[in-house]
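2 protein chains.
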Amino acid sequence: MDIVTLRDLFEEQIRDLHSGEKQIIDALPEMIEATTDSELQNALRNHLEETREQLERLEKVGKMLDFRVKGETCDGMKGIIKEGNKLVTKDVEEDEVRDAAIVAALQRVEHYEIAVYGTVTTFARMLGEDQVLKLLQTSLDEEKEADATLTRIAEAHVNRRAMASGD
Amino acid sequence: MDIVTLRDLFEEQIRDLHSGEKQIIDALPEMIEATTDSELQNALRNHLEETREQLERLEKVGKMLDFRVKGETCDGMKGIIKEGNKLVTKDVEEDEVRDAAIVAALQRVEHYEIAVYGTVTTFARMLGEDQVLKLLQTSLDEEKEADATLTRIAEAHVNRRAMASGD
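Note that the protein sequences, when read in sequence, are chains F and B. Per the numbering used here: the first sequence = residues 1 to 167. Per the numbering used here: the second sequence = residues 1 to 167.
Because the hints were derived from the structure by calculation, they are not lab data. Please note: incorrect hints may appear among the correct ones.
Each pair may be met inside one copy or between any two copies, as identical chains are not told apart.
Said to hold, decoys possible - Here are the computed lysine-lysine pairs in the DSSO-like style, where the Cα-Cα straight-line distance is at most 30 angstroms:
(1) 86 <-> 60
(2) 144 <-> 60
(3) 134 <-> 60
(4) 63 <-> 144
(5) 134 <-> 144
(6) 90 <-> 63
(7) 22 <-> 78
(8) 60 <-> 70
(9) 22 <-> 144
(10) 82 <-> 70
(11) 90 <-> 60
(12) 78 <-> 90
(13) 63 <-> 134
(14) 63 <-> 86
Computed from a predicted model, the values in this text were never measured in an experiment.
Make the full structure from the sequences, and use the hints.
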């Protein structure tokens, strides 16, 4: 693909995000299944719903600015999910430690998304696309909130339970 | 690998980080070469030096806690770098837009690392490894600072130059 203008780069980043969100929607159910902490499980279920809405927002952005959002593969997210899946489903043998591993894997996902939504909100602002900016800012705020929720749950009990087990 | 305790998970995350830092050290020179903005280029040179020190800190952690930090491949970082390289060296055709793409690609790297250093500092604190915690906290602070520097440079001129070019 030929990227010549900042708008081209913006569209490429949106396509990349679209692929990333789709990969998360595909990967989360297995993570939810693997979780034994009920608060963590509920938080992940909520985030799966949120991610579906984030995907729809990106499709809306494509319609508003008249470009195709589908058809790209986000290699970054592919690697992050591959690694998280291996850790959670193969490497970890204790339930309580697995919950801590799930939090760790998903915080990588969240931070990665925070970076990309940070980039596209900046570009949307520069391009003067205020309505698009509003949609992307909503998703960025949700990702930050999802990351903070994971930290809160980990600190509240997941990490302590992991510490107490297996020793 | 069998992960049974939180300490096992901590060691696995450190090995993953070690692989990630090594991959960044290998990838940054090409990014520096591709940059046309001198302030961005200087910032990346500084960060390459910093990354070498972060790698050494991880090796120190391995020595202090008596475990091997080498021998793992961080698939997440591998995907992020693959994607960034493709974007910067193949897809983007305009110098000024490429600088904006480099910032975008590296902020994905930084945020990903912020997530992992966040996890390992939390684990080090729980495990009561205060000296190790101090080393990891130094690297975490540096990553946050590197991300903030990229934002500052992008907002100061890289993005504006990208906006003005190619249209």
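Right, here's what the structure says about each hint:
1. Taking the closest pair of Cα atoms, residue 86 and residue 60 come within 30 angstroms of each other only across two copies (27 angstroms); inside a single copy the shortest separation is 33 angstroms, beyond that limit.
2. Taking CA atoms no more than 30 angstroms apart as the test, residue 144 paired with residue 60 passes inside one copy only; the shortest distance there is 21 angstroms, against 32 angstroms between copies.
3. Taking CA atoms no more than 30 angstroms apart as the test, residue 134 paired with residue 60 passes inside one copy only; the shortest distance there is 12 angstroms, against 45 angstroms between copies.
4. Within a single copy, residue 63 and residue 144 get their C-alpha atoms as close as 26 angstroms, which meets the 30 angstroms cut-off; across copies the closest is 35 angstroms, which misses it.
5. For the homomeric pair residue 134 and residue 144, the shortest alpha-carbon distances inside one copy (15 angstroms) and between copies (26 angstroms) are both at most 30 angstroms.
6. Taking CA atoms no more than 30 angstroms apart as the test, residue 90 paired with residue 63 passes between copies only; the shortest distance there is 27 angstroms, against 41 angstroms inside one copy.
7. Taking the shortest Cα distances, residue 22 and residue 78 sit within 30 angstroms of each other both inside one copy (11 angstroms) and across copies (20 angstroms).
8. Taking identical chains as interchangeable, the C-alpha atoms of residue 60 and residue 70 lie at most 30 angstroms apart only when both belong to the same chain, with a minimum of 12 angstroms there against 45 angstroms between chains.
9. In this assembly of identical chains, residue 22 and residue 144 lie within 30 angstroms of each other by CA distance both inside one copy and across copies; the values are 19 angstroms within and 28 angstroms between.
10. Taking the closest pair of Cα atoms, residue 82 and residue 70 come within 30 angstroms of each other both inside a single copy (21 angstroms) and across two copies (20 angstroms).
11. Only between protomers do residue 90 and residue 60 lie at most 30 angstroms apart by alpha-carbon distance; the minimum there is 28 angstroms, versus 37 angstroms within a single protomer.
12. When the C-alpha separation of residue 78 and residue 90 is checked against a cutoff of 30 angstroms, the pair qualifies both within a copy, at 17 angstroms, and between copies, at 20 angstroms.
13. For the identical chains of this complex, residue 63 and residue 134 are intra-copy neighbours only, at 15 angstroms inside a copy versus 49 angstroms across copies, given an alpha-carbon limit of 30 angstroms.
14. When the C-alpha separation of residue 63 and residue 86 is checked against a cutoff of 30 angstroms, the pair qualifies only between copies, where the shortest distance is 26 angstroms, while the shortest distance within a copy is 36 angstroms.
Of the numbered hints stated above, none is contradicted by the structure.
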